[in-house]
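Colleague: All chains, full assembly: derive it from the sequences and hints.
Protein chains: 2
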Amino acid sequence: MLRLYFTPGTISLAPHIALEEAGADYEQVKIDFSTVQQNSEDYLALNPRARVPLLMTDEGSISETLAILLYIAQRFPEADLVPLADRFATAKVMEFCSYMGSTVHIAHAHKMRGRRWADDPEAIEDMQRKVPENMAACFEMIETQMFQGPWVMGGQFTICDPYLFAIARWLEGDKVDHSRFPKVLAHRIRMAERPSVKAVMAKGGA
Amino acid sequence: MLRLYFTPGTISLAPHIALEEAGADYEQVKIDFSTVQQNSEDYLALNPRARVPLLMTDEGSISETLAILLYIAQRFPEADLVPLADRFATAKVMEFCSYMGSTVHIAHAHKMRGRRWADDPEAIEDMQRKVPENMAACFEMIETQMFQGPWVMGGQFTICDPYLFAIARWLEGDKVDHSRFPKVLAHRIRMAERPSVKAVMAKGGA
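Quick mapping for you: the protein sequence lines, in order, are chains A and B.
Just so we're aligned: 65 in this note's numbering is position 65 of the first sequence, and the numbers increase by one with no gaps anywhere.
Just so we're aligned: 13 in this note's numbering is position 13 of the second sequence, and the numbers increase by one with no gaps anywhere.
Incorrect hints may have been included.
As the list claims (entries may be wrong) - A few chain B residues facing chain A, derived, Cβ under 10 Å:
(1) I68
(2) F96
(3) G101
(4) M112
No lab work stands behind these hints, which were simulated from the structure alone.
Heads up, the beta-carbon is just placed ideally off N, CA and C, and yes, glycines get one too.
Modeller: Below is the structure:
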């Protein structure tokens, strides 16, 4: 049995969708950020890094979005969420996911999580002011250099797609006009029509 | 043929060591940050994200450290740099590498690359002041929660080891006393004795 620890509005949406795409049998446990439940003793015992998503497996826990996504793809190979037989194509999937995690998600995080990197309230406000510019630059890169279409990697739906979808939903809140990126916007609409995404929405995962 | 684009002092050291561990036949091309060569027209044509490392393969380029490391492990399976037959063990390797890329490297980057996230010089200075505290917190997490020993994942040397080694070498510059983390310090000394690391040093990769 798999158990996904998730919080609506966070990047846990990506593995949540991947689990549905895989047809996985899983439980979901909501971690409530409004009560700072991620810092509770019980949750820190599961994930000392106090973050979601976390995937509990029979063998132990996995944190980090990219690691969870690759695990889901490997555990449910019939869903074909990563072209595992092709090491170069797999590398391009991981390249995209790593860019999402280590650049795009970080650009966004400077809006709400500035305290991680600065103490001065004015420094934190300055970071927040730069978020729209940085997120727009990231999505310009995705739109013009990385996105193939109709899915991120071209014809095959992969773990890149829920990752992009989850972060693209932050653009309005980050004060970026999504219509500047028509390919990514069309992808977002395409994603919203998938049964997996509808299922996660119905379960409160977004 | 493989070609690694690298810059001494950067995270390109990690895949550089992995290539040596794998016994790979590869060329190396130095990208000179002192002349901002990463923003040259020629390099942007290879990597529009203007970063190292980049690995050129017969099928195309791969950016992002974690993606390059996994590719090297898959291309040279006899080197056994990731326990590929065990999907959970593979997930734990990816979890560690993702933490290094999306948390530890980012904590460090606020020293030299603050302009990515703020414009105000005082904000950038405030970020720089917090780097020692953040890097120490990351290494406390690694030392107490993640590192198994003698290698990161226990008995097997994996791609996690060059990744940790490359970042641990930044601790002095980040004003963190490495002796606070004796397991990671012993790992660093153990790494420095490996032929792969000595080979990269001799080739100017660090």
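Colleague: Mind checking the CB of B/F96 against every CB in chain A and telling me if the closest is under 10 Å?
Modeller: holds, 8 Å
Colleague: Verify the interface restraint on B/M112: the C-beta must sit less than 10 Å from at least one C-beta of chain A.
Modeller: violated, 13 Å
Colleague: Quick check on the hint: B/G101 CB to chain A CB, less than 10 Å?
Modeller: holds, 5 Å
Colleague: Are B/I68 and chain A close enough, Cβ to Cβ, to be under 10 Å, as the hint says?
Modeller: Nearest chain A Cβ about 7 Å off; hint holds.
Hint 4 alone, counting from the list given before, is not met by this structure.
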